[in-house]
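Based on these hints, arrange chain B on the given structure of chain A.
Listed below are the residues making up each chain.
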Amino acid sequence: MLYAILCYNSEDVVYSWPKEHDDAVMARLSAVQQKLAGAGRLGPVARLMPTTTATTLRKDREPALVIDGPFAETKEQLLGFYIVECEGLEQALETARELGNANPGGAYEIRPVAVLNPPGPGFDSRSGKR
Amino acid sequence: MTQAAWIEAALTSARPQALAALLRYFRDLDTAEEAFQDACLRALKTWPQKGPPRDPTAWLVFVGRNVAIDAVRRRSKLQELPPEEVLTDLDDTESELVERLDSADYRDDLLRLLFVCCHPDLPPPQQIALALRVVSGLSVQQIARAFLVGEAALEQRITRAKSRIAASAVPFDTPSPAERTARLGVVATMIYLLFNEGYSSTAESTALRKQLCEEAIRLARLLLRLFPGEPEMMGLVALLLLQHARSAARLDANGAIVLLEDQDRELWDRTLIAEGLALIDKAVRHRQPGAYQIQAAIAALHSRAPCAADTDWAQIDLLYAALERLQPSPVVTLNRSVAIAKTRGPEAALAMIEPLGARLSGYFHFHGARGAYLQQLGREDEARDAFQRAISLAGSAAEAAHIRLHLDQLAKRSAHGTALAGNRPE
Chain A
1 MLYAILCYNS EDVVYSWPKE HDDAVMARLS AVQQKLAGAG RLGPVARLMP
51 TTTATTLRKD REPALVIDGP FAETKEQLLG FYIVECEGLE QALETARELG
101 NANPGGAYEI RPVAVLNPPG PGFDSRSGKR
Chain B
1001 MTQAAWIEAA LTSARPQALA ALLRYFRDLD TAEEAFQDAC LRALKTWPQK
1051 GPPRDPTAWL VFVGRNVAID AVRRRSKLQE LPPEEVLTDL DDTESELVER
1101 LDSADYRDDL LRLLFVCCHP DLPPPQQIAL ALRVVSGLSV QQIARAFLVG
1151 EAALEQRITR AKSRIAASAV PFDTPSPAER TARLGVVATM IYLLFNEGYS
1201 STAESTALRK QLCEEAIRLA RLLLRLFPGE PEMMGLVALL LLQHARSAAR
1251 LDANGAIVLL EDQDRELWDR TLIAEGLALI DKAVRHRQPG AYQIQAAIAA
1301 LHSRAPCAAD TDWAQIDLLY AALERLQPSP VVTLNRSVAI AKTRGPEAAL
1351 AMIEPLGARL SGYFHFHGAR GAYLQQLGRE DEARDAFQRA ISLAGSAAEA
1401 AHIRLHLDQL AKRSAHGTAL AGNRPE
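As they're listed, the protein sequences go chains A and B. Straight run, no breaks: the first sequence in the numbering used here ends on number 130. Straight run, no breaks: the second sequence in the numbering used here ends on number 1426.
Honestly, the hints are just simulated from the structure, not real lab data. Please read these numbers as outputs of a predicted model, since none were measured by experiment. You may find that some hints are simply not true.
Unchecked claim - Below, a list of computed lysine to any residue pairs in the SDA-like style, where the Cα atoms sit at most 25 Å apart:
#1 LYS75/A <-> ALA1005/B
#2 LYS59/A <-> ALA39/A
#3 LYS1050/B <-> GLU109/A
#4 LYS1210/B <-> MET26/A
#5 LYS19/A <-> PRO1052/B
#6 LYS19/A <-> ALA1274/B
Same shape as in the complex, but just chain A (with noise of 0.2 Å):
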């Protein structure tokens, strides 16, 4: 089964890290998912620009309306996330637990996948950073 794990955590917090405080964390975390990669299990991982870089479109009007911002104002805002195949909810919390420790605080919600498409044709995840 296929796992979402949604990585919660305070931008503020998080932005106001040192540099070498973030190739730390960068750094362990890496070590687990490459761990995660030798099993077999690591599906795309996305760490996510501010939510400053954000923009909503709410679809439920006519015409649909360009917000600045993200969706939801929250105290915690969604930073990235990990897809990994697990063989359960114990696995999934147990990986968590894993990258939680390489990264202590704010929250991860677990949630399975129903649906990931793979990448379209000639898609190269690369091209951000061009």
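What follows is chain B alone, placed relative to chain A:
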């Protein structure tokens, strides 16, 4: 992260908003600061045992307020309030407070706190020092080192600035939309100056300069989060991110300035650039051009060029022309001349800046640019004079060293090279 480090990060990030809410409550900067300080001390005691609260900012406001009220009551021998260990168990109380402190309050509180630091009687350096001390919570020692002044002098300066603020009426009413926009403008200028202090500054230590830049970005992002629909705030954050993205490439191993066109673009921080570009994209949609958005768009054109030769100078010239119309200033024209030099040559660039001489005679970059154009035109004696004038106005050792490179080039080519090199002013 260790728990202590997490708590420290939480306290640092909560400070601006918590302090701002306490300022609204106590209407006095010193009382608000003391209350926040006390709340932090309690947090350091309580959080490791009970875990961090769901909303650290609301917790700090709540406890800070109670501690300060408690102190007043103790002084007047009244009954103490229950300790905060008991209060934090009352989850309802906390969430109720969170509700009341929601974005509308927070954003005007934070804007007020920053705005108070930008009191018009205070010269910009004092505004920045005050904001760093009060809003960001940097120590007097850190700020003094950043501004190259003694700690005692800085302490005194901050005290004086605070009493000047205390003497004037702090605007506690909810601002009207027009007032809010005006306050945002003033505060944005202060944040931009804070960034520049780190970017071009007098501070000798690279780490300190970086800290000032990062603090400016943190405050700008925080403001943008509270005012998500302000295109100029998007522009400001984008501008700071795009400039900061180049910081690793701006100085060489010896601390000498590396010009944009000579920078190793591999060293640019692509994550920051991507965020800056995303913000400009968002801002442009509003079709309300402003000075920060235009400057960010110029920085974006540099960021997008794979190498210096690919820079779209014609577009940069157009953007500077738009900036000149919006915010006429000799410095903007001077910057535009760089694009002119690239598109139409040094002669046109020189013709553009010669009329600025009277107004920019004390400006390092004017003489630096003028010297460079004269040098390109082969007018070496005049170039040398301009460079020497620039060196005498340099704001940092790195700036002076950079101009000295030009003088060295001239000296090498000149028949009088050796004699002149000996006469270089230090």
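How the hints compare with the structure:
no.	hint	in the structure
1	LYS75/A <-> ALA1005/B	holds, 20 Å
2	LYS59/A <-> ALA39/A	violated, 40 Å
3	LYS1050/B <-> GLU109/A	holds, 22 Å
4	LYS1210/B <-> MET26/A	holds, 21 Å
5	LYS19/A <-> PRO1052/B	holds, 23 Å
6	LYS19/A <-> ALA1274/B	holds, 17 Å
Comparing the model with each numbered hint stated earlier shows that hint 2 is the single one that does not hold.
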